[in-house]
Every structure is written in structure tokens, then in C-alpha cells.
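Participant: Here is what each chain is made of, one letter per residue.
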Amino acid sequence: MEDVQIVSLYFERNESAISESDRKYGQILRSLSLSYVSSREDAEECVSDTYLDAWNTIPPHRPTYLGAFLSKITRRISIDRFRRDHRAKRGGAQNLALELTECIPDPSSLVHELENRHLGEVINAFLSELPEHKRAMFVLRYFYAKQISEIARATGQTESSVKVTLHRMREQLRHILEKEDLL
Amino acid sequence: MKSSKLSQAHMLLDAMNEIDDRYLAEALSFSNAAQSRHRPALRVPVIRVLSGAAALAALLSLVIFGTSRGFLKFNGKQNPSEAVGELIPSAQALDGLLQECTESVSFTALSADALPLFDGTVRLAIKSTDSDALFVSRPLNAAEQAQLTLEFEQTGVPMTESETADADWAVWITLGNGQVVTPCLTPSSGNVGMGELFGYASERLPTKTFLNLLNTLK
Chain A
1 MEDVQIVSLY
11 FERNESAISE
21 SDRKYGQILR
31 SLSLSYVSSR
41 EDAEECVSDT
51 YLDAWNTIPP
61 HRPTYLGAFL
71 SKITRRISID
81 RFRRDHRAKR
91 GGAQNLALEL
101 TECIPDPSSL
111 VHELENRHLG
121 EVINAFLSEL
131 PEHKRAMFVL
141 RYFYAKQISE
151 IARATGQTES
161 SVKVTLHRMR
171 EQLRHILEKE
181 DLL
Chain B
1001 MKSSKLSQAH
1011 MLLDAMNEID
1021 DRYLAEALSF
1031 SNAAQSRHRP
1041 ALRVPVIRVL
1051 SGAAALAALL
1061 SLVIFGTSRG
1071 FLKFNGKQNP
1081 SEAVGELIPS
1091 AQALDGLLQE
1101 CTESVSFTAL
1111 SADALPLFDG
1121 TVRLAIKSTD
1131 SDALFVSRPL
1141 NAAEQAQLTL
1151 EFEQTGVPMT
1161 ESETADADWA
1171 VWITLGNGQV
1181 VTPCLTPSSG
1191 NVGMGELFGY
1201 ASERLPTKTF
1211 LNLLNTLK
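So the sequences go chain by chain: A and B.
Going by the numbering used here, the letters in the first sequence line up with residues 1 to 183, in that order.
Going by the numbering used here, the letters in the second sequence line up with residues 1001 to 1218, in that order.
Calculated directly from the structure, the hints in this document are not laboratory data.
No residue lacks a Cβ here, since even glycine has one placed at the ideal position from N, Cα and C.
Incorrect hints may appear among the rest.
[As the list claims (entries may be wrong)] Okay, the calculated bits of chain A under chain B, using three or more residues with CB under 8 Å as the criterion:
| hint | region |
| --- | --- |
| 1 | 50-61 |
| 2 | 72-81 |
| 3 | 117-124 |
| 4 | 155-164 |
[Stated by the list, open to error] Subject to a maximum C-alpha distance of 20 Å in a straight line, what follows is the list of computed SDA-like cross-link-like pairs (lysine to any residue):
| hint | chain 1 | residue 1 | chain 2 | residue 2 |
| --- | --- | --- | --- | --- |
| 5 | A | 179 | B | 1008 |
| 6 | B | 1127 | B | 1154 |
| 7 | A | 163 | B | 1113 |
| 8 | A | 179 | B | 1011 |
| 9 | B | 1208 | B | 1096 |
| 10 | A | 163 | B | 1013 |
| 11 | A | 179 | B | 1127 |
| 12 | B | 1127 | B | 1217 |
| 13 | A | 24 | B | 1029 |
| 14 | A | 24 | B | 1032 |
| 15 | A | 179 | A | 118 |
| 16 | B | 1127 | B | 1109 |
All chains should be modelled from the sequences, with the hints used to inform the complete structure.
Facilitator: What follows is the structure, given as C-alpha cells:
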């Protein structure tokens, strides 16, 4: 089923929107989530939460690229879950330090959001200058969290070539971030 | 400070969620294409068997019809230049024609990075083996694409090692969905590149069909 038809199902509040989304993107989303969380069960929960989030966001939002839209939700939920689990496993001094971070004024979530947006704009400008296959390498690695071997297969390059290209792109991005006085 | 660097890296990781949806979809298309390339699908052999059977049936009916009407004679010699898909005489002939194409106004010199691979149009890209110059054709129309399909349905003829070594040009066809093929390699799923003009050592000589296409384009 085409993305536009699945999105229409969300708009009609038809629950088959979820099953159709899962049929088309479930495997990609599970694999994406598994790159961040430690178990299949956790990944499954993250994907279920993704559909719930999508159900609550569409409408009013009407995504053009449903796969990308769902992937972003899964990634955000999975990273949050990873951080929560990771934090829970820390002990002793680290836990105390974490408690003490509450004494340090934190930038508001709005400021954080704006910083993220600005950083995102810089990353998008950087990506727009790259040829397609290099851009795909970067996105597959740092958004979809794919293994080097998978990226090599997807882009038809050798693993060492992928590693070298990613290294050069990280260097390029560092220069840009320094120039923009970000991070 | 390591910890501050790490927290900034986490910030960068979060900011990756702001990547434009178009780029995410583009990257997914690379990943999906690779998966379909490596999936030993049952469908492919079935399609091949069916198309092979259909081609055989068409050939048999042509032979039966031709012999019954008397215009196909097996003891007579046909003019090879009239046969569809006739093999071109040598790698040099192909090289010569490719050279003419690069000198034609129908081909544009581009850098490999500027070559559009995802714009939905089929193009021919030619590169000299001893220079970086890349020459790209205008988008191929439906009839020209049909010629290409015909070319890839034919076996071609294996090239000798010396012919492969002497080839002055490399030629690729970009399919507009990121996939890249060449008429100089045996058509197979393993010989389909994704998102780049891959290097290759020629295995086969393209047929007259491809030669005709080059003549149309130059």
C-alpha cells in the first residue's frame, strides 16, 4: 500500500492504518530500535509506542514520507529508553552525581529544542552538499545506526572505503560545527 | 573534557532526528535496494523460466511460420548486418563509437559527484579509462529504454583478456532509481551497482542493438 493511502487510513481513524504501517515498515523500525535497545522485547515495545505516537499525531500532521516519519519516532523513543535503562544501571558515585545535576540550572526544554533545530539545520545543509551515496552512508550510520558491513552492502562500497568516507565526513562536519560555533 | 565531549556527542545524536525526511527516505531506498539485491528470491528464477519459455515459444513459432512460408532458409546465408542483436565486430568498434558520443553535443561533461542518480530518468554515462572526464547523455526516451531492455535480454559475446585490457572507455547506464548497470558485464543481479559508477573489467561485447542506440544518441 502506498504511503498516501496509509496516511489516509490514519485520517479516517481506521485502525488498519497500524497494521498497514507495520506491514510496510515494521521490520525497518524493529531493526532501528534494536540498534539502541538491548532486547527484542524492548524493541517491540518501542515500535508499538511508535504506532501509538503516530496515531496521536496523524492528524493533524500529514507526513509525506511515512517511513521517515515513523523512523524518527522510533529512534527518539528507543534512545530515550536506552538512556533510561543505562541510567538505572549506574551505581554509587555516578548516581549521586546525577542527583546533584538537579542543582545545576538546566536549559529549558524549549531552548534545548531550539538548539537541536539549529544543529539539525546545519546538519541538513551539510548533507545537501554531499553526493547521494555519501549522504546515504552518513544517514544510514548516524540516523539508522546501521553496521559498517550493512552500509557497504547498501552503497556497493568496501567496508574500508565506508570507514574512510565516514571518517572524512565526521571531520568535515566538525569543521562546520566549529565555524558555526556550535558544540 | 571527555564527559563534556560525550554529552555533546549525545546532543549531536539527538539532532540527527532533525535530518530532512527526504534524506531519510533516500537512505532507506539504498538499504532496500541492497536487501532486494541480496535476497535469493524464488520469483526471479520463475520469471526467468517464464520469459525464457515465452522467448523459446516465440522463436519456434517464427521458425515454423518462416519455413512454411519459405522466407527462412537454413541452408542460405543471411546478411549479418541485418540481424537484430548482431554482435559488433570488436571492442575497438565500441570504443570508437563511445568516443564519437563524447564529442557529440548530446552528451554533457559532468563530474561523477554531479551525476543525478535518483531523478527517475535513465541515462548513459561514458568515461575514458585514462581521464576523470565523465560524459552523460540526455535522458533516454521510452523507445531508447526499450532498446536497452532488448540489449540486456541478449547474451552478448565474451571478450578476450586482451580486448578487456585494451578497452579505452567505460560505459554505464543509470536507471534513475540509484541503480547502475553496464552493457559490458553479464546481466545479473550481482552486476547491479547502487549509487555510484562502479569500476569493472569488461566481460562481454554489447550487441548491435546497443550500437544502434549509441548511433541514435550521438
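Participant: Determine for every hint whether it applies to the structure shown.
Facilitator: Hints, one by one, checked against the model:
Check on the region 50-61 of chain A: 0 of its residues sit with their Cβ under 8 Å from a Cβ of chain B, so the three-residue criterion for coverage is violated. With a cut-off of 8 Å between beta carbons, the region 72-81 of chain A has 4 residues touching chain B; three or more are needed, and the interface restraint holds. With 6 residues carrying a beta carbon less than 8 Å from a beta carbon of chain B, the region 117-124 of chain A meets the three-residue requirement, and the given coverage holds. Counting residues of the region 155-164 of chain A whose CB lies closer than 8 Å to any CB of chain B gives 3, which reaches the minimum of 3, so the coverage claim holds.
Between residue 179 of chain A and residue 1008 of chain B the alpha-carbon distance is near 16 Å, which keeps this suggested pair within the 20 Å criterion. About 24 Å separates the Cα atoms of residue 1127 of chain B and residue 1154 of chain B, which puts this hinted pair outside 20 Å; it is violated. A C-alpha spacing of about 19 Å is found between residue 163 of chain A and residue 1113 of chain B, which places the hinted pair at or below 20 Å, so the restraint holds. The suggested pairing of residue 179 of chain A with residue 1011 of chain B holds, with an alpha-carbon distance near 17 Å, which does not exceed 20 Å.
Between residue 1208 of chain B and residue 1096 of chain B, the direct Cα distance comes to roughly 14 Å. Compliance with the 20 Å bound is thereby established for this hinted pair. Using a Cα cut-off of 20 Å, the hinted pair residue 163 of chain A and residue 1013 of chain B holds, with the two alpha carbons roughly 18 Å apart. For the hint pairing residue 179 of chain A with residue 1127 of chain B, the CA-to-CA distance comes to about 37 Å; that exceeds 20 Å, so the pair is violated. Restraint check for residue 1127 of chain B and residue 1217 of chain B: the C-alpha separation of about 16 Å stays at or below 20 Å, so the hint holds.
For the given pair, residue 24 of chain A sits about 13 Å from residue 1029 of chain B by alpha-carbon distance, which is consistent with the 20 Å threshold. Of the pairs offered as hints, the one joining residue 24 of chain A and residue 1032 of chain B holds, with about 12 Å between alpha carbons and a cut-off of 20 Å not exceeded. Taking the CA atoms of residue 179 of chain A and residue 118 of chain A, the gap is about 14 Å. The hint holds against a cut of 20 Å. Between the alpha carbons of residue 1127 of chain B and residue 1109 of chain B the distance comes to roughly 10 Å, so the proposed pair stays at or under 20 Å and holds.
Violated hints, listed in ascending order, are 1, 6 and 11; each of the other numbered hints is respected by the structure.
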